[in-house]
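Enquirer: Chain by chain, the residues run as shown.
Protein chains: 2
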Amino acid sequence: MSMKAVVFRGPFDIRVEQKPRPRIQDDTDAIIRVTLAGICGSELHMYRGHQQTATGHIMGHEFVGIVEETGKDVALFHPGDEIVSIFSPVCLKCWFCLQGLTNRCVNGVAFGTSLLNGGQAEYVRVPFADGTLQHVPAKLDRRLLIMMSDIFPTGYYGAQRAIEGLRTQYNSRLTSFNLKTANEKLHESTVVILGCGPVGICAIAAARSEGIKTVFAIDSVKDRLDEAEQFGAIPLMLGEDDINARVLEATDNRGADAVVEVVGNKPALRSAFDLLRPCGVLSSVGFHQGELPFTGLECYQKNITVNFGRVPVRTVFEDALQCLTENQEKMQSYITHELPLDDAAKGYDIFEQRKARKVILNISK
Amino acid sequence: MSMKAVVFRGPFDIRVEQKPRPRIQDDTDAIIRVTLAGICGSELHMYRGHQQTATGHIMGHEFVGIVEETGKDVALFHPGDEIVSIFSPVCLKCWFCLQGLTNRCVNGVAFGTSLLNGGQAEYVRVPFADGTLQHVPAKLDRRLLIMMSDIFPTGYYGAQRAIEGLRTQYNSRLTSFNLKTANEKLHESTVVILGCGPVGICAIAAARSEGIKTVFAIDSVKDRLDEAEQFGAIPLMLGEDDINARVLEATDNRGADAVVEVVGNKPALRSAFDLLRPCGVLSSVGFHQGELPFTGLECYQKNITVNFGRVPVRTVFEDALQCLTENQEKMQSYITHELPLDDAAKGYDIFEQRKARKVILNISK
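So the protein sequences, as listed, match chains D and V. Our numbering puts the first residue of the first sequence at 1, with every later residue one more than the last. Our numbering puts the first residue of the second sequence at 1, with every later residue one more than the last.
No lab work stands behind these hints, which were simulated from the structure alone. Fair warning: there could be bad hints in the mix.
It does not matter which identical chain is meant; a pair holds if it fits inside one copy or across any two.
As the list claims (entries may be wrong) - Taking lysine-lysine and the DSS-like style, the derived pairs with C-alpha atoms no more than 27 Å apart in a straight line are:
no., residue 1, residue 2
1, K213, K330
2, K93, K185
3, K213, K93
Keep in mind that this is a model prediction, so the values were computed, not measured.
Next up, chain D with everything else stripped away, as it sits in the complex (with noise of 0.2 Å):
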């Protein structure tokens, strides 16, 4: 049996072909019906060919859908309900798994690669089912849970990150002449969100939920800065705003507490560096592939704590999902574009070009 996919042909080359259906290959797979796809922001460096890799695969790796069929070891999922897929397989047995490290799973292949084929497909093989699937809530429009597989948990976990960094540090023994609780140290921090595309929004929501009270939002596009203000924080516009000066004025001339970055290069994450206090956190959920803009000479001055890397979305899924779920009313407007599957070449090119938010693709229409 055939079905219709969103297969990458080479760059700013994607086209809908018939391809064969898949089918369970080990016990703890299954078998999904995608009735919605996201074209994530992370594609575009395949899109562009930034990022080398070979042809023919299937694309997307956030999708929604419906349990088809199970391998016979998949103990959590039945065929008719209701899922959203993480990024990337989770075994929940090796020992990453088992820390909650399933960011770093060490089963885990990206879906949408040559290694894994993707759900922007009629069906798609999710392997590891009982660790990569979840359970959908009742209460969250499906189109922003396309949001959880991916953005979502990735923003969440940056601003988290962050949070973490400075709550332990104002917790911590070492902070002892200042009688504010770390709690109110938190939200009296000021921290910057360096990207405002979709998981710079996801970010700042997380930042507000948590009670920071100055996020200060930084990009380059006035639709995506305007979206940010809407979440409770302050825009600057880079290339016009001087955004050295404003961050210092509210600070004091420190400097940020915290700065997330999750634009993944080299001038944003040395902006993010420039941008912080002495001793303030850096947390990085850009993906990068060059040398590091900062050197050891100014990360021992300045004190700093770096975190770099992936989301372990699973771990974090549950909170990530109340965050998103209190937000939902403001997110609506993000989702832009739907389309149906056979647009898809056209989805990914009003992406890339920044014209659209978030393009969803409709599988089921």
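Fit chain V to the supplied structure of chain D, relying on the hints for placement.
Expert: For chain V alone, kept in the frame of chain D given last:
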């Protein structure tokens, strides 16, 4: 009035000279009659000429002694009090001091530099005496107390930051599948101390005191590794032992949970990175000057947390002192050379050649 003092005249040129006795300049100053002063590894950067600096100042940022005179705003210390000084002044008034981040006190400049004369002298002026000095406990050997100016708190802090990073990970909502407590997981962790000079030995003592069962100690000097082993670490000789293999073997092929890097050069920092497991914690207290020896992609893929920089001695003092006191018997063998002030040049020479574990100058002799 004049006094004898150890003066920096250029690389490998240390002289004992007559200098004017310091006087109170600010109301928050104290004048200390020094009894013991240490030579610290970080002074070797200047001694060897690796760190460009002016000449003519008095060396030394590790000293204990007796309060001779105080400015009128000094409240906590009186003439005759026995004290130990922190390696750089702590104003206790700036925002950073009030957060306990005394390592970044805006009024902090290190003793023993062209900005502030040091304590390898008969007398020394201590700015912000109430913050910079500490009263001396009754039950600690004064020769060990020298270690509280800098190296013991530095090692303690290096270990503590690694442990705090792991504890945050083990405590966090991110880790929900494992029924062990954070403390159990912490004690089962594998921690590597990279560099077993005085600071590294202090870090080993601190990690072992926290209950970490498996502490690897890496160095190229046999005597240092013997010392590390006495503190319960597993010694690994650079260039002899297969260090990567030993750490992987102890961790089921994952790598170390945390690495404390106290060396301050690129190869050491690179080894620290390589020895870490995914999502591991790198605590760097070494003084780094060049580029960072790992890329953004490597950091992203390893999902690491990194801490850099110097210790807030004032805030960790009490905890670090307790740890030193618990370890004082084993620490005794660490002070291998006690010389009169007149022999300071010889002290620098043997320390620079690694013929001594720790050299102190006895100024009352």
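Enquirer: Under the constraints set out in the numbered hints, which ones does this structure not fulfil?
Expert: none
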